[in-house]
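Participant: Chain X is already provided as a structure; the job is to place chain A on it using the hints.
Chains X and A are the protein sequences, given in the same order.
First residue of the first sequence: 1, per this note's numbering; consecutive thereafter.
First residue of the second sequence: 1, per this note's numbering; consecutive thereafter.
Think of the hints as simulated: they come from the structure by calculation, not from any bench.
The C-beta atom is built at its ideal place from N, Cα and C for all residues, glycine as well.
Among the hints, a few may not be true.
Stated by the list, open to error - Computed list of lysine-lysine pairs in DSS-like fashion (alpha-carbon distance at most 25 Å, straight line):
no.	chain 1	residue 1	chain 2	residue 2
1	X	426	A	60
2	A	118	A	220
3	X	87	A	220
4	A	60	X	435
5	X	338	X	87
6	X	239	X	435
7	X	50	X	338
8	X	87	A	118
9	A	220	A	280
10	X	87	X	52
11	X	52	X	338
12	X	50	X	87
As the list claims (entries may be wrong) - Pairwise CB distance ranges, derived in the manner of DEER restraints:
no.	chain 1	residue 1	chain 2	residue 2	range
13	X	57	A	222	16 to 26 Å
14	X	235	A	220	35 to 45 Å
15	A	151	X	201	27 to 37 Å
16	A	101	X	363	38 to 48 Å
17	X	137	A	18	51 to 61 Å
18	X	172	A	146	36 to 46 Å
19	X	72	A	60	53 to 63 Å
20	X	98	A	180	55 to 65 Å
21	X	72	A	101	49 to 59 Å
22	A	217	X	57	28 to 38 Å
23	X	98	A	277	39 to 49 Å
24	X	256	A	116	33 to 43 Å
25	X	98	A	60	27 to 37 Å
26	A	151	X	153	47 to 57 Å
Unchecked claim - A partial selection of chain A residues facing chain X, derived with a Cβ cut-off under 8 Å:
no.	residue
27	37
28	144
29	233
30	234
Spelled out from the first residue to the last, the chains are:
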Amino acid sequence: MTTSRRDFLRGGVAFGAAFATLPLLSACGSDDAGAALDPSKSATDLDGVKLKVLVNQPNLGAWRIAARLFEQETGATVELTPIPYDKLTSNAIRDVQSGAGEFDVFQYWYVGLGDLVDAGALENLTDFIDERRAEIRPEDFLPSIYDPYTLIDDRRWGLPFDGDTFLLFYNQELFDRFGVQPPQTWEQYADVTRTITGRGGGNVYGAAVMGQQVPIILGCTFADRLVGFGGRFLDDSGKPALTSPEAVAAAEALFAVSPDALPTPLQTGFDQAIPAFLSGRAAMMEFWTDLSVMASNPEQSRIVDSWRPIQLPVGGSNTTHGTSLNAGFGAAVSTLSKHKEAAAALVQFQASPRSQETVIGNFGTGADPIRRSTFAAPEFRRTFGQAAGDVQAGLSGQPLVWPNSVGAVDRLQTLVDELALGIQGKQSAREALQKAQDAWERG
Amino acid sequence: MRKTPASLSWPLIGALLLFSAFPFAYLIGLSLTDSTLARPLNGFSGLDNYADALASTAFKSSLWRSALFAVGAALLQLALGTALALLLAIRGRRLGWLGVALLLPLVTPPVMVGVAWKLLLAPVGGALPEIADTLGSSGFNPLGSSLGAFVSLLAIDTWQWTPFVTLLLYAALLGVPRELLDAARIDGASTRQLLRHVILPLIAGTLVAVFLLRLVIAFKVFDIVYVVTSGGPGFATTLSAFDIYRTGLQDFQVGEAAAATVVFSLLVGIFVTVVSRLHKRVREVAP
Chain X
1 MTTSRRDFLR
11 GGVAFGAAFA
21 TLPLLSACGS
31 DDAGAALDPS
41 KSATDLDGVK
51 LKVLVNQPNL
61 GAWRIAARLF
71 EQETGATVEL
81 TPIPYDKLTS
91 NAIRDVQSGA
101 GEFDVFQYWY
111 VGLGDLVDAG
121 ALENLTDFID
131 ERRAEIRPED
141 FLPSIYDPYT
151 LIDDRRWGLP
161 FDGDTFLLFY
171 NQELFDRFGV
181 QPPQTWEQYA
191 DVTRTITGRG
201 GGNVYGAAVM
211 GQQVPIILGC
221 TFADRLVGFG
231 GRFLDDSGKP
241 ALTSPEAVAA
251 AEALFAVSPD
261 ALPTPLQTGF
271 DQAIPAFLSG
281 RAAMMEFWTD
291 LSVMASNPEQ
301 SRIVDSWRPI
311 QLPVGGSNTT
321 HGTSLNAGFG
331 AAVSTLSKHK
341 EAAAALVQFQ
351 ASPRSQETVI
361 GNFGTGADPI
371 RRSTFAAPEF
381 RRTFGQAAGD
391 VQAGLSGQPL
401 VWPNSVGAVD
411 RLQTLVDELA
421 LGIQGKQSAR
431 EALQKAQDAW
441 ERG
Chain A
1 MRKTPASLSW
11 PLIGALLLFS
21 AFPFAYLIGL
31 SLTDSTLARP
41 LNGFSGLDNY
51 ADALASTAFK
61 SSLWRSALFA
71 VGAALLQLAL
81 GTALALLLAI
91 RGRRLGWLGV
101 ALLLPLVTPP
111 VMVGVAWKLL
121 LAPVGGALPE
131 IADTLGSSGF
141 NPLGSSLGAF
151 VSLLAIDTWQ
161 WTPFVTLLLY
171 AALLGVPREL
181 LDAARIDGAS
191 TRQLLRHVIL
201 PLIAGTLVAV
211 FLLRLVIAFK
221 VFDIVYVVTS
231 GGPGFATTLS
241 AFDIYRTGLQ
251 DFQVGEAAAA
261 TVVFSLLVGI
271 FVTVVSRLHK
281 RVREVAP
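Chain X with its partners taken away, still in its complex shape (with noise of 0.2 Å):
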């Protein structure tokens, strides 16, 4: 058989022809998802089942220490998969769109809730919840942290894991020898910077400001002020409240910061940030409760005896400390899992407050509590010692929520890289939200 060049031609656009339409083809086959969990069937007998769980990498010991006990009460098996916190939501919808369906159970972060839902990839445990609410008790979940971490258009799609916040963490050495007051306010926390700054030398600085562009840094950092002033990212009707008089002040309070903090806010993350807060180099730094584990411990830390916790400050005309849900996950059970009741058993073995007391009261695990019941617990108090107090007024109070429908990810985005620009000098804080602003209406 021999061919010419036409023949050629046209035999590789016949096969270029048939390869485009294949992706259309599995795209229509992803739908398959398997057999819907069945709320009324319980998993008796979970004996030799094998469970996979996708982890967020800084709470792998708190998974581990909820998995141990699972499987001594079960006899199942879990095995955990610890990812970075920024690939958990692209990793789970990747893992059931592909059809890959490696995981029984995810670990989300709540920001990320609608759009795993949106993308099928989360079982709704609405009737689930509903079937077991004695066992369960809803009702004992933070009321600042049950529904948005879980419910998206009126259905449950899982049950908190780590009631995240963040505190203020200063250096009272540095704070004594520089003269200076914890701030109450964030004017008070700006004048302790630059008084600090100025003084250091190079070789001490007021803050450390983190401000790398991406949600969970920057989006943080400009959380703390907007809670401190009284803001909020979406409104009570939902729409975007990002130029707000209080949101306008936030930022402009970041970015009158950044000149005095640890060289340069937009290159500050959580590498750089805590190593300056540990090593007596940065005297300000707000992060979550668990840096007071870390700064506890002497093999990490040089302040040992010198770290105090504070709740944020306040800003403007708000005169009440608020905190931010600045991480906060959840537990949900993947819909390709083969094993959902069992999933969906672990999901809830994992936010019972058992569970959440055992993981609570060890050490360097990174959760908060996520039950009323928890503040009573005398591993609460024990573990998080001075910051106990903070942590349960945070929790109880009206803490600032993230937006976690479908594009929330990619708002919060937009949202950081218009403060970026700002903290570089390039607009006002005005201008930066009115972008940000434009983006979210326009979705």
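Facilitator: What follows is chain A alone, placed relative to chain X:
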């Protein structure tokens, strides 16, 4: 004229379709549909994704920034690589320990290169700012400014890739006939004349080919941007590959990322076409 048996070309056709046509068709499909990470190929959307990509300030600015980075890196590395290759050629045919030293940056994983340079350049505790401070230049923080961060990435890329260019050009220099050089010297050519009129014309084809290779690789740079600057400060080092990654896999806008990829590919294609024509022309006139 005798025709080629068709069976000989089918493996090649199959490979091309599998590795080129299929991904490209899929990419086009994504760019023309309302695709997110959650819902790929979810309804025809016409050219909306292209409009969104071209309306994105971050993506638009990343195009010229990528072009500047790629051309700048390729030219800089070509110049340095040529100089180093000439020095090596003068030294002789045996590279010895120099060969190992040259290969070191090349075999280091790019992520490790990024991590190492990030630590070296860290404004607090970084080795280079500490040295600058000791020399009396306090506040040295190249990654803290737009220009400094861009130049730093260029320097890191050059540190990693110049050895590659050097080795290729060194091999080309070894191919220059000894008799030609001797004859030129007997005719009274100076070292500069020898370089300009004998050596460079002989290796011109290799020079352009290496430039083309580096240009394409530099356009695609992602890892050191991801590790060292994350595209910042602001968008100062957001190159197109990084912006496309962010749009597709962090913001989940896969359709827009696919459209941006097509636009970016067209830009790279323009540069490649121009340099390819130059390469062809050089080969035609080369001695």
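Participant: Next, verify each hint and record whether it holds.
Facilitator: Right, here's what the structure says about each hint:
Taking the CA atoms of residue 426/X and residue 60/A, the gap is near 17 Å; set against the 25 Å cutoff, the hint holds. About 20 Å separates the Cα atoms of residue 118/A and residue 220/A, which keeps this hinted pair within 25 Å; it holds. Between residue 87/X and residue 220/A the alpha-carbon distance is near 22 Å, which keeps this suggested pair within the 25 Å criterion. Only pairs whose Cα atoms come within 25 Å are accepted, and residue 60/A paired with residue 435/X is accepted, the gap being roughly 17 Å.
Of the supplied pair hints, the one linking residue 338/X and residue 87/X holds, its CA atoms being roughly 23 Å apart against a limit of 25 Å. Restraint check: the Cα-Cα separation between residue 239/X and residue 435/X comes to about 15 Å, which is no more than 25 Å; the hinted pair holds. Between the alpha carbons of residue 50/X and residue 338/X the distance comes to roughly 10 Å, so the proposed pair stays at or under 25 Å and holds. For the proposed pair residue 87/X and residue 118/A, the alpha carbon gap of about 22 Å is at most 25 Å, so the pair holds.
Using a Cα cut-off of 25 Å, the hinted pair residue 220/A and residue 280/A holds, with the two alpha carbons roughly 24 Å apart. Straight-line distance between C-alpha atoms of residue 87/X and residue 52/X comes to about 17 Å, which keeps the hinted pair within the 25 Å bound. Restraint check for residue 52/X and residue 338/X: satisfied, since their Cα atoms lie roughly 10 Å apart, inside the 25 Å limit. For a cut-off of 25 Å, the pair hint linking residue 50/X to residue 87/X stands: about 24 Å separates their Cα positions.
Roughly 22 Å separates the CB atoms of residue 57/X and residue 222/A, a value that falls within the hinted 16 to 26 Å. Checked against the given bound of 35 to 45 Å, the beta carbons of residue 235/X and residue 220/A, roughly 43 Å apart, stay inside it. Here the CB-CB span from residue 151/A to residue 201/X is close to 28 Å, well matched to the stated 27 to 37 Å. Taking 38 to 48 Å as the suggested C-beta distance range, the pair residue 101/A and residue 363/X conforms, at roughly 47 Å.
At roughly 55 Å, the beta carbons of residue 137/X and residue 18/A sit within the given window of 51 to 61 Å. Here the CB-CB span from residue 172/X to residue 146/A is close to 38 Å, well matched to the stated 36 to 46 Å. Between residue 72/X and residue 60/A the CB atoms are about 57 Å apart, so this pair conforms to the stated range of 53 to 63 Å. Taken as a hint, the range 55 to 65 Å holds for the pair residue 98/X and residue 180/A, whose Cβ atoms sit roughly 59 Å apart.
For the hinted restraint 49 to 59 Å between residue 72/X and residue 101/A, the CB-CB distance of approximately 56 Å keeps it satisfied. Between residue 217/A and residue 57/X, the C-beta spacing of about 31 Å keeps the proposed range 28 to 38 Å intact. Judged by the Cβ atoms, the range 39 to 49 Å given for residue 98/X and residue 277/A holds: they are separated by roughly 41 Å. A hinted range of 33 to 43 Å for the beta carbons of residue 256/X and residue 116/A is consistent with their spacing of about 34 Å.
Judged by the Cβ atoms, the range 27 to 37 Å given for residue 98/X and residue 60/A holds: they are separated by roughly 32 Å. For residue 151/A and residue 153/X, the Cβ-Cβ distance of about 49 Å falls inside the hinted range of 47 to 57 Å, so the restraint holds. At about 5 Å, the closest approach between the beta carbon of residue 37/A and any beta carbon in chain X falls short of 8 Å, and the interface hint on this residue holds. The interface hint given for residue 144/A is met, as the beta carbon of that residue sits about 4 Å from the closest beta carbon of chain X, less than 8 Å.
Hint status for residue 233/A relative to chain X: holds, with the closest Cβ pair at about 4 Å, below 8 Å. With 8 Å as the threshold, the beta carbon of residue 234/A comes within range of chain X, its nearest partner Cβ sitting at about 4 Å, so the hint holds.
Of the numbered hints stated above, none is contradicted by the structure.
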